[in-house]
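S.K.: Single-letter residue listing:
Number of protein chains: 4
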Amino acid sequence: MNRDMTPQQIAEATAKGMYERDHTAHALGMVVEAVAPGRARLTMTVRKDMVNGHDICHGGLIFTLADSAFAYACNSYNHVTVAQGATIEFLAPGKLGDVLTATGTERHVAGKTGVYDIEVANQDGKTIALFRGKSFRIRGHVVPGIPTIDA
Amino acid sequence: MNRDMTPQQIAEATAKGMYERDHTAHALGMVVEAVAPGRARLTMTVRKDMVNGHDICHGGLIFTLADSAFAYACNSYNHVTVAQGATIEFLAPGKLGDVLTATGTERHVAGKTGVYDIEVANQDGKTIALFRGKSFRIRGHVVPGIPTIDA
Amino acid sequence: MNRDMTPQQIAEATAKGMYERDHTAHALGMVVEAVAPGRARLTMTVRKDMVNGHDICHGGLIFTLADSAFAYACNSYNHVTVAQGATIEFLAPGKLGDVLTATGTERHVAGKTGVYDIEVANQDGKTIALFRGKSFRIRGHVVPGIPTIDA
Amino acid sequence: MNRDMTPQQIAEATAKGMYERDHTAHALGMVVEAVAPGRARLTMTVRKDMVNGHDICHGGLIFTLADSAFAYACNSYNHVTVAQGATIEFLAPGKLGDVLTATGTERHVAGKTGVYDIEVANQDGKTIALFRGKSFRIRGHVVPGIPTIDA
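Residue numbers (this note's numbering), protein chains in the order written: chain A, 68 to 218; chain B, 68 to 218; chain C, 68 to 218; chain D, 68 to 218.
Do not take every clue at face value.
Copies of the same chain look alike in the list, so a pair counts if it fits in one copy or across any two.
Heads up, simulated SDA-like pairs for lysine to any residue below, C-alpha to C-alpha not over 25 Å straight-line [claimed, not checked]:
id, residue 1, residue 2
1, Lys179, Thr215
2, Lys83, Ala103
3, Lys83, Thr215
4, Lys162, Gly207
5, Lys83, Thr194
6, Lys83, Pro160
7, Lys162, Val98
8, Lys179, Gly207
9, Lys179, Val98
10, Lys115, Thr73
11, Lys115, His175
12, Lys115, Ile205
13, Lys115, Asp217
14, Lys179, Arg114
15, Lys162, Ile213
16, Lys115, His93
17, Lys162, Lys179
18, Lys162, Arg204
If you are wondering where the hints come from, they were derived from the structure by calculation, not from laboratory data. If you're wondering where the values come from, they're calculated on a predicted model, not measured in any experiment.
The whole structure should be built from the sequences, with the hints applied where relevant.
M.R.: Have a look at this one:
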């Protein structure tokens with residue numbers, strides 16, 4: 068095990084390991100743009116199979132993007148961490164062709180639980196959804212063989 | 068316009084119209100099993116592109132199924148109705164091959180806003196998620212040419 | 068220790084112990100009407116110091132009543148259990164003189180965490196708020212010297 | 068009517084009018100420390116009648132403080148605005164004697180609905196709760212005879 072990794076290196080290695088096996092992220096064309104301890108930024112372009120007849124993105128897929136940013140942020144310490152629950156407020160529609168960016172930030176971690184805020188914005192910088200996720204750390208490492216960090 | 072339609076007939080015609088243009092429902096293999104005024108039941112089978120490396124369904128897709136049951140339930144009066152926001156609690160994982168059923172029930176409608184509870188269960192009847200959605204009625208009919216109902 | 072207590076007896080003894088030191092319940096005139104394993108029902112009459120200038124009950128106090136029903140329900144196994152968080156939907160106003168009843172029901176318990184639904188209704192049986200609480204079990208017994216139950 | 072009032076003057080006059088008839092704020096010793104268009108900051112000292120037997124503040128009263136900051140923030144345009152619902156995450160306990168500060172900020176307003184984030188911190192600056200409120204504007208002015216603003 069490489070004990071000399073920095074928290075940033077651990078966050079990046081963890082995200083890389085998660086992304087390789089994250090079939091949903093691949094199927095929906097999500098890209099992990101950046102990750103850091105307790106933070107992550109993902110993008111997704113709204114495709115035809117993500118919209119309804121009025122070319123409005125399904126709210127569930129906006130949630131899925133936000134939930135993914137949440138997952139990459141809360142797993143960035145290399146402890147396996149799952150979502151207990153989340154809330155989302157839909158502020159404006161996503162539209163066909165929009166490039167959506169979900170930016171996730173840790174608000175609080177204590178013991179096994181945490182709270183993360185994720186904002187979803189479109190390519191014009193307009194916020195279209197506010198997501199708040201509650202995390203719970205379970206046993207195990209996201210990527211074996213690299214260190215973990217206590218948030 | 069057929070003014071003699073019953074509320075049940077309106078709910079069914081509205082769901083049919085919505086489903087035809089709901090590309091996400093098709094892409095994710097969702098089936099509208101039943102609809103009634105203020106209620107809907109949808110199913111989705113957890114596929115390989117919906118799971119992570121541990122064959123656990125992405126929480127965002129469980130939300131998407133619940134959000135869809137919510138949408139079919141709150142639009143069943145043929146008034147265009149959107150999600151303002153939602154909360155979800157994840158109780159147990161969905162697994163590769165699971166057949167998930169989301170059952171949506173109206174709890175309250177007053178003026179333009181409503182509250183709907185959706186339970187997601189697996190093929191063993193085990194509840195895996197609890198979703199609560201807040202709806203907002205906007206202008207327009209879901210399916211033109213058929214009546215609307217005031218909930 | 069009386070090891071022969073039934074779950075119902077434990078729930079009642081726990082509620083009695085909690086209520087004695089629950090200064091807020093006393094200050095707000097809350098009454099624990101019934102308790103059972105995973106369930107509780109409390110009432111509160113809307114007083115002048117609970118309303119605004121239009122004689123509408125402060126939403127925070129409706130929440131406080133619901134949160135109390137949640138607390139009595141989730142502590143009914145005699146394990147000290149705290150609220151991680153909660154959501155509330157306000158459906159209709161509470162008014163001066165109303166007798167509000169909060170009925171709490173356990174929806175799910177797994178390990179240390181649980182989900183409880185609480186409905187608040189007025190004396191006419193009209194639901195005025197829907198509350199969902201997320202619990203977390205910590206160390207300790209609510210009432211020492213009587214058994215605990217694993218939910 | 069004084070049409071020359073600035074938004075800040077309107078916010079202050081509205082808060083003053085609300086506070087005079089806000090019996091709950093008085094009963095709980097809340098003080099409106101500051102208000103501005105879309106923002107408010109309130110304090111409350113945790114008294115004996117707000118705690119349980121372990122001198123921990125009732126979560127419902129932390130919610131009530133946050134909900135009040137939300138109310139002063141979302142009514143600051145002098146349009147009567149009510150809470151549709153809210154979520155709260157409890158991060159750390161409030162204790163007997165703590166001076167709690169709830170700071171509310173508008174995140175989004177569109178048409179009749181809005182989203183506000185409120186943080187509750189103690190006298191050491193430690194955040195103890197995160198609250199998110201959803202507002203709905205109804206008819207009427209908070210304080211008659213002074214202008215309203217469209218957020």
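S.K.: For every hint, state whether the structure bears it out.
M.R.: Hints, verified against the model:
In this assembly of identical chains, lysine 179 and threonine 215 lie within 25 Å of each other by CA distance both inside one copy and across copies; the values are 14 Å within and 23 Å between. Taking identical chains as interchangeable, the C-alpha atoms of lysine 83 and alanine 103 lie at most 25 Å apart only when both belong to the same chain, with a minimum of 12 Å there against 45 Å between chains. Taking identical chains as interchangeable, the C-alpha atoms of lysine 83 and threonine 215 lie at most 25 Å apart only when both belong to the same chain, with a minimum of 15 Å there against 44 Å between chains. In this assembly of identical chains, lysine 162 and glycine 207 lie within 25 Å of each other by CA distance solely across copies; the values are 19 Å between and 39 Å within a copy.
Proximity of lysine 83 to threonine 194 under the C-alpha cut-off of 25 Å is found in neither arrangement, the shortest distances being 27 Å within a copy and 32 Å between copies. In this assembly of identical chains, lysine 83 and proline 160 lie within 25 Å of each other by CA distance solely across copies; the values are 23 Å between and 30 Å within a copy. With identical chains, the CA atoms of lysine 162 and valine 98 are at most 25 Å apart both within one copy (18 Å) and between copies (24 Å). Taking CA atoms no more than 25 Å apart as the test, lysine 179 paired with glycine 207 passes in both settings, with 13 Å inside one copy and 18 Å between copies.
For a Cα distance limit of 25 Å, the shortest separation of lysine 179 from valine 98 qualifies neither inside one copy, at 28 Å, nor across copies, at 34 Å. Within a single copy, lysine 115 and threonine 73 get their C-alpha atoms no closer than 41 Å, and across copies no closer than 34 Å, so neither meets the 25 Å cut-off. Taking identical chains as interchangeable, the C-alpha atoms of lysine 115 and histidine 175 are never at most 25 Å apart, the minima being 37 Å within one chain and 28 Å between chains. Proximity of lysine 115 to isoleucine 205 under the C-alpha cut-off of 25 Å is restricted to the inter-copy arrangement: shortest distance 24 Å between copies versus 37 Å within a copy.
With identical chains, the CA atoms of lysine 115 and aspartate 217 are never at most 25 Å apart, being 41 Å at best within one copy and 32 Å at best between copies. Taking CA atoms no more than 25 Å apart as the test, lysine 179 paired with arginine 114 passes in neither setting, with 37 Å inside one copy and 30 Å between copies. For a Cα distance limit of 25 Å, the shortest separation of lysine 162 from isoleucine 213 qualifies neither inside one copy, at 40 Å, nor across copies, at 27 Å. In this assembly of identical chains, lysine 115 and histidine 93 lie within 25 Å of each other by CA distance both inside one copy and across copies; the values are 16 Å within and 11 Å between.
For the homomeric pair lysine 162 and lysine 179, the shortest alpha-carbon distance between copies (22 Å) is at most 25 Å, but the shortest distance inside one copy (37 Å) is not. For the homomeric pair lysine 162 and arginine 204, the shortest alpha-carbon distance between copies (20 Å) is at most 25 Å, but the shortest distance inside one copy (35 Å) is not.
Of the numbered hints given earlier, the model fails hints 5, 9, 10, 11, 13, 14, 15; all others are met.
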